[in-house]
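**Student:** Sequence:
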Amino acid sequence: SCKGGSAQKAGAVFDGDWVDKRGSTVHVKGMSITWPSSGREAIITKLDGESLTMHFGASSYHARYVDGCLVWDVDDVWERASPKLAAPKVTHSIAHAESTTVATTPPAEESEADNKVRA
17 SCKGGSAQKA GAVFDGDWVD KRGSTVHVKG MSITWPSSGR EAIITKLDGE
67 SLTMHFGASS YHARYVDGCL VWDVDDVWER ASPKLAAPKV THSIAHAEST
117 TVATTPPAEE SEADNKVRA
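Numbered per the working numbering, the sequence shown spans residues 17 to 135.
Please keep in mind that the hints were generated in silico from the structure rather than gathered at the bench. There's no promise every hint is true.
[Said to hold, decoys possible] Straight-line alpha carbon distances no greater than 20 Å define the calculated EDC-like cross-link-like pairs of lysine to aspartate or glutamate that follow:
| id | residue 1 | residue 2 |
| --- | --- | --- |
| 1 | 37 | 89 |
| 2 | 45 | 95 |
| 3 | 62 | 89 |
| 4 | 45 | 33 |
[Claimed, not checked] Simulated restraints, written as ranges between beta carbons of each label pair:
| id | residue 1 | residue 2 | range |
| --- | --- | --- | --- |
| 5 | 56 | 78 | 13 to 23 Å |
| 6 | 99 | 74 | 30 to 40 Å |
| 7 | 73 | 43 | 14 to 24 Å |
| 8 | 78 | 28 | 11 to 21 Å |
Glycine included, each C-beta is placed from N, C-alpha and C at the ideal position.
Take these sequences, add in the hints, and give me the full structure.
**Tutor:** In structure tokens form, the structure reads like this:
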């Protein structure tokens, strides 16, 4: 999900790696956008701190910067690529530990129920 980015100069706010909704990495630097997986490149024709327009193929595409994401007019959303790949694993481990705790709770409840039946 998108998160608020830190305030930067208009030209640099979009620089860096992004991930589109299909999971492809997109690299933005200055006035160019490249897709490392395919080697394709697009030129940014308009840029400010809140939006950008790129020319790709025979068309132009416009994106707004909303909550740290680039929301495109062609039903695509780019999120910042996380430099900390270990962070989701840590979150997953915590979630896994919680689910393990939940999984061990029902036997305890069953034994209490058994005690009530025996009483």
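**Student:** Confirm or reject each hint.
**Tutor:** Structure-based check of each hint:
1. Distance hint between residue 37 and residue 89 is fulfilled; the C-alpha atoms sit about 13 Å from each other, no more than 20 Å.
2. A hinted pair counts as satisfied when its Cα atoms are at most 20 Å apart, and residue 45 with residue 95 qualifies at roughly 15 Å.
3. The suggested pairing of residue 62 with residue 89 holds, with an alpha-carbon distance near 15 Å, which does not exceed 20 Å.
4. Note on residue 45 and residue 33: the hinted pairing holds, with a Cα-Cα distance of about 9 Å set against a maximum of 20 Å.
5. One distance hint, 13 to 23 Å for the beta-carbon pair residue 56 and residue 78, holds here, with the actual separation near 18 Å.
6. Checked against the given bound of 30 to 40 Å, the beta carbons of residue 99 and residue 74, roughly 34 Å apart, stay inside it.
7. Remark: the range hint 14 to 24 Å for residue 73 to residue 43 is upheld by a beta-carbon distance near 18 Å.
8. One distance hint, 11 to 21 Å for the beta-carbon pair residue 78 and residue 28, holds here, with the actual separation near 20 Å.
Taken one by one, the earlier hints all hold for this structure without exception.
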